[in-house]
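From first to last, the protein sequence lines stand for chains A and B. When you line the first sequence up against the working numbering, it's residues 4 to 645, in that order. When you line the second sequence up against the working numbering, it's residues 4 to 645, in that order.
Just to be clear, a hint being listed does not mean it is correct.
Same chains, same label: a pair holds when it works inside one copy or across any pair of copies.
In silico EDC-like pairs for lysine to aspartate or glutamate, Cα to Cα no more than 16 Å straight-line [unchecked claim]:
| # | residue 1 | residue 2 |
| --- | --- | --- |
| 1 | Lys605 | Asp589 |
| 2 | Lys375 | Glu361 |
| 3 | Lys605 | Asp130 |
| 4 | Lys609 | Asp540 |
| 5 | Lys605 | Asp540 |
Calculated from the structure, these hints are not laboratory results. If you're wondering where the values come from, they're calculated on a predicted model, not measured in any experiment.
There are 2 protein chains.
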Amino acid sequence: MATSASPTLDAAALGRFLDGPHAKVREEVREWLSREGNAPQPDLPLTEHRRQVLAWTKDLASTDRTTMGYPSEYGGRDELGGYIAGFETLAFGDLSLLVKCGVQFGLWGGAVQHLGTKKHHELYLRDIASMALPGCFAMTELGHGSNVQDLRTTATYDPQAQEFVVNTPDDAARKEWIGNAACDGRMAAVFCQLVVREQERGVHALVVPIRGEDGEPAEGVRIEDCGAKLGLDGVDNGRLWFDHVRVPHEALLDRYATVSPEGGYTSPIENPGKRFFTMLGTLIQGRVSVCGAAINAAKVAQVIAVRHALTRRQFGPPDGEEVTLMSYRTHQRRLLIPLAGTYALHFAQEQLVGSMAEAFTGDGADDRQRRKLETSAAALKATGTWHASATIQECREAMGGQGYLKANRLAALKADTDVFTTFEGDNTVLLQLAAKNLLTDFQDEFGELDPLGTFAFVAEQVAGVVAERTAARELLGRIADDLLPGRDDGGDLLERDTQLELFRWREDHIKAGAARRLRGAIEDGGDPFQALIDCQDHVVLVAKAFAARVVMEAFAEAVERCAEEEGKPVLARLCDLYALAEIERDRGWFQEHGRLSSTRSKAVIKAVNTACAELADHSGPLVEALGVPEAALGDARAIEGA
Amino acid sequence: MATSASPTLDAAALGRFLDGPHAKVREEVREWLSREGNAPQPDLPLTEHRRQVLAWTKDLASTDRTTMGYPSEYGGRDELGGYIAGFETLAFGDLSLLVKCGVQFGLWGGAVQHLGTKKHHELYLRDIASMALPGCFAMTELGHGSNVQDLRTTATYDPQAQEFVVNTPDDAARKEWIGNAACDGRMAAVFCQLVVREQERGVHALVVPIRGEDGEPAEGVRIEDCGAKLGLDGVDNGRLWFDHVRVPHEALLDRYATVSPEGGYTSPIENPGKRFFTMLGTLIQGRVSVCGAAINAAKVAQVIAVRHALTRRQFGPPDGEEVTLMSYRTHQRRLLIPLAGTYALHFAQEQLVGSMAEAFTGDGADDRQRRKLETSAAALKATGTWHASATIQECREAMGGQGYLKANRLAALKADTDVFTTFEGDNTVLLQLAAKNLLTDFQDEFGELDPLGTFAFVAEQVAGVVAERTAARELLGRIADDLLPGRDDGGDLLERDTQLELFRWREDHIKAGAARRLRGAIEDGGDPFQALIDCQDHVVLVAKAFAARVVMEAFAEAVERCAEEEGKPVLARLCDLYALAEIERDRGWFQEHGRLSSTRSKAVIKAVNTACAELADHSGPLVEALGVPEAALGDARAIEGA
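Please build the complete structure, drawing on both the sequences and the hints.
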């Protein structure tokens with residue numbers, strides 16, 4: 004049972020709770036962002052912006068913070084969790100700097116670290132960490148953004164010369180959107196179709212020099228600037244073409260596959276599809292990082308918009324003083340529901356980072372662990388980045404015209420985070436990846452059940468379907484919900500267990516339904532690809548329901564963990580709001596599946612309104628606890644706002 | 004019954020149907036946009052952008068197109084409908100130009116035309132039309148954006164000098180966001196609290212010179228540049244302060260109120276509140292214009308994204324060719340549902356412009372007509388601009404990285420239209436204005452009903468409430484819907500009358516419910532302002548449901564009007580999609596109110612998917628028919644897309 008909100012909330016104590024295990028590195032990054040000259044600047048022209056971001060990146064590289072995820076022998080601290088926490092915190096500042104760091108230390112450095120072997124680590128990691136060797140992660144091609152497995156740059160092994168020949172066969176195969184490529188990058192991890200002894204071996208990465216010390220493109224390499232973008236203009240994205248560029252035998256990042264000097268190909272992972280997905284697994288870190296960054300960017304917008312709503316007055320009772328924007332129900336809903344989402348995602352992200360650090364440290368994860376991580380990272384990246392886009396937009400509008408001035412940061416937050424929904428894996432594609440994993444696991448679980456268990460499970464499903472078809476289940480539910488005294492007010496929806504059960508039940512039900520449809524379509528002799536397209540909206544829902552459940556559980560767990568003096572009662576109420584708002588948003592589905600009667604569904608709306616009204620009183624400390632440095636909040640005019 | 008979609012669609016014929024009564028002016032503007040040098044340029048620096056927009060505005064002013072809404076004696080053509088149609092079409096191009104024209108010819112010119120009298124028309128209209136006299140509409144203040152009635156700039160009449168003294172009492176009363184103010188404006192219609200003989204008379208507008216021929220601010224006027232904005236950088240927004248600036252007696256725009264030279268105040272409208280709202284009525288044209296512009300900006304994004312989806316291939320069956328993005332259900336849903344919305348809004352806008360031209364021509368509208376127009380303009384402006392924001396965002400994401408390049412126009416479309424949701428009246432505030440009018444009309448209607456009619460109406464409402472409370476209605480509906488053969492597939496939801504009835508029923512039900520709640524709260528002795536806040540989310544729904552019904556009726560009416568060879572069958576199917584997608588979106592509500600059983604609710608989802616799959620085959624001609632000039636579609640790379 005959720006406790007009612009307490010009258011005061013200690014923002015500092017709650018802030019320490021939010022900072023969690025990596026409080027120190029978060030504090031260090033905040034301190035860096037608060038130094039003179041390090042705050043985001045609202046309107047730098049592209050060239051100056053790039054120059055500024057490069058200078059900042061070098062300054063950060065002179066600490067060990069950007070590389071603390073690397074092994075300690077190459078300048079790191081073996082602390083992946085801390086690295087991500089620091090990276091996330093950097094998202095309070097200029098997001099071009101964040102992305103530049105992500106490209107250099109996360110993607111370029113990560114490719115060398117995760118796909119390379121000791122010789123590559125020895126050669127490159129230290130210089131990557133110090134920014135002495137800026138580099139690129141050259142995977143995406145113009146023709147193949149999402150479907151990376153079919154990219155078309157080739158690396159053909161020449162056993163005579165003991166060299167690989169890297170080549171761009173046509174314009175659609177040019178590397179596109181490559182960060183660090185337009186100006187600063189000197190080398191690139193280039194993803195190619197490997198050809199050895201005329202046999203295609205699938206996608207592998209090689210280290211290829213692209214630019215000399217003099218800044219000129221290396222021989223055979225053509226570089227073009229992507230030019231002005233919607234946002235992130237401080238990042239020098241570029242295009243790369245390779246014209247039969249020769250690199251030595253050691254250029255192959257050979258953790259998952261080796262080519263002998265004579266041209267013998269061996270890999271510890273036999274299945275090429277599986278090998279490819281294992282290599283792509285290194286993208287997990289990128290997705291987790293982007294998710295955390297998106298959540299923190301949303302926090303910045305929320306501090307600005309909530310402060311504005313608590314100060315700005317407009318309209319009021321006749322002959323009375325004007326009231327604050329936060330007094331209005333529509334304003335409470337538009338700001339506080341996203342705020343509950345940000346808190347929920349914050350805790351889910353904290354868990355995800357913990358799991359990732361565990362899986363990537365020591366011997367690494369087994370297949371099952373890795374897949375679980377991949378699933379969570381994909382689903383949360385999509386959920387977190389869409390949340391950020393929607394939240395920042397809501398904050399922009401809630402600020403009226405003030406939100407439209409560049410000086411007030413909302414413009415940059417909006418523009419810069421916009422691409423988060425489609426880079427490091429397009430969100431819709433990622434949701435399908437997550438759903439595919441979930442459905443595979445579901446099938447596996449099925450297979451492992453004993454006959455009796457299987458039977459019971461199937462029987463339950465069948466009963467469920469029959470119940471829905473005849474509407475009997477709904478009728479029963481309705482009678483129970485609506486006619487028993489005290490159940491029609493939706494009061495039990497404030498119980499945490501009821502909330503959690505609804506999230507879990509929805510996930511299970513959607514998953515079972517999608518599995519049934521897919522299997523049915525294929526068993527009926529249908530084309531599997533067409534079956535997937537026909538069920539695609541359903542499949543995407545599997546991942547969304549999964550993510551919502553994971554996020555809700557993380558929030559509920561955090562509330563349990565939180566001490567009274569850290570704000571437990573208010574946090575519990577905010578968790579109610581997250582749960583209720585999500586049930587409200589999807590109340591069409593819950594009614595369709597007999598889990599909400601119409602009366603209870605209406606009660607959910609009321610319960611959301613009530614929670615918003617209560618939380619409005621705590622909204623000031625709730626945003627202050629998010630720990631966004633003042634320097635990152637832009638021009639104060641938005642806040643004074645008059 | 005909707006006809007099934009025909010195999011071919013003549014884009015040109017449908018395009019002519021869409022162009023409607025003002026085809027000629029639309030064609031002229033398209034031709035202007037297609038001239039060399041007139042296409043939007045993706046990355047102009049602020050200063051050059053402003054210069055370019057000024058030059059374009061002058062070029063347009065040299066035709067009679069920008070001012071065809073003015074009376075013919077001052078260079079116009081008395082064709083308000085044609086003016087709006089031309090303005091809307093301009094939204095295919097650079098939106099800074101659109102807004103600059105809106106400020107000059109619509110707001111500044113409109114204030115003189117609608118609030119001024121013959122002497123003002125004689126003095127200014129011709130020069131405004133030719134751009135010889137650039138000017139501003141100085142209403143908004145920093146402290147009072149939405150609550151204009153409480154703005155605080157004063158105009159005090161000095162009968163000795165026969166002058167008005169215009170003054171900014173403090174910084175919060177400075178005029179903010181004023182278009183044309185930072186660079187080009189020479190005069191401004193300044194909205195002030197009028198004080199005559201020490202009596203406050205409410206908000207009135209005066210013409211005040213703000214800048215000399217030399218470009219320097221006029222005496223007593225301070226001007227500041229708002230600086231860089233999220234978008235619309237080609238518009239020179241500025242801030243204005245007035246330090247006891249004296250203007251002659253004739254400066255008062257005196258259509259609705261006069262001050263005699265001696266200081267006698269008279270107005271044909273006695274009630275100050277009503278007088279104020281009559282003056283604000285002149286904002287209607289601005290809202291209608293913005294709504295049309297938003298819809299057309301959405302069209303540009305949709306042409307680009309649909310072409311991309313029909314060309315770009317990604318993934319496919321194993322060993323098969325990759326398939327187009329448009330083949331995917333998720334992609335169909337994200338592009339075609341908004342496309343149906345754009346078509347629907349196009350027809351609603353056409354109707355609205357027609358009503359407005361009628362009301363503003365000749366003797367003008369009576370109170371009731373004017374309020375009806377105000378209601379529609381407010382509700383549709385909010386609906387249309389939010390639709391544009393969401394649609395352009397969806398298109399941006401559906402283009403992946405390509406949508407993030409400035410060269411491909413999505414960036415500018417997104418940034419420039421963003422402010423549409425909060426300027427010319429904040430959308431949430433406008434929805435409340437519309438709802439207030441609707442609820443007032445509802446009450447009036449109530450009062451006029453004969454006793455028997457009233458009784459019948461109330462009885463129906465009560466019965467409805469009782470039915471919902473006991474769930475009896477739902478049970479009955481369920482039995483009828485689910486158990487009668489052939490009714491559980493939702494097939495009747497494809498009937499136009501069923502669709503229309505659902506939209507109408509929802510509107511009536513929400514309106515009656517809100518009225519009941521408000522009255523109940525006030526009759527119980529509650530504070531009316533608090534009652535309004537408590538019902539605010541409900542009140543906003545009144546306006547949203549109203550807008551959806553108006554839009555749906557306009558679309559249905561257009562389908563009826565359309566000839567077979569103009570694409571009637573496809574248009575009918577698109578109208579189905581609009582209706583079904585809206586019912587799907589709000590299926591939580593329809594279930595809550597017993598209008599959809601759970602089985603039928605699920606059937607709606609399937610019906611949306613089916614309509615999307617069918618319309619995907621027509622999506623090419625459907626976007627070509629929107630008539631966006633090629634020159635406005637940005638860099639072709641996005642479309643080739645590989």
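Verification of the supplied hints:
no., hint, verdict
1, Lys605 to Asp589, "both (12 Å within a copy, 13 Å between copies)"
2, Lys375 to Glu361, "within (13 Å within a copy, 64 Å between copies)"
3, Lys605 to Asp130, "neither (60 Å within a copy, 58 Å between copies)"
4, Lys609 to Asp540, "between (30 Å within a copy, 10 Å between copies)"
5, Lys605 to Asp540, "between (26 Å within a copy, 13 Å between copies)"
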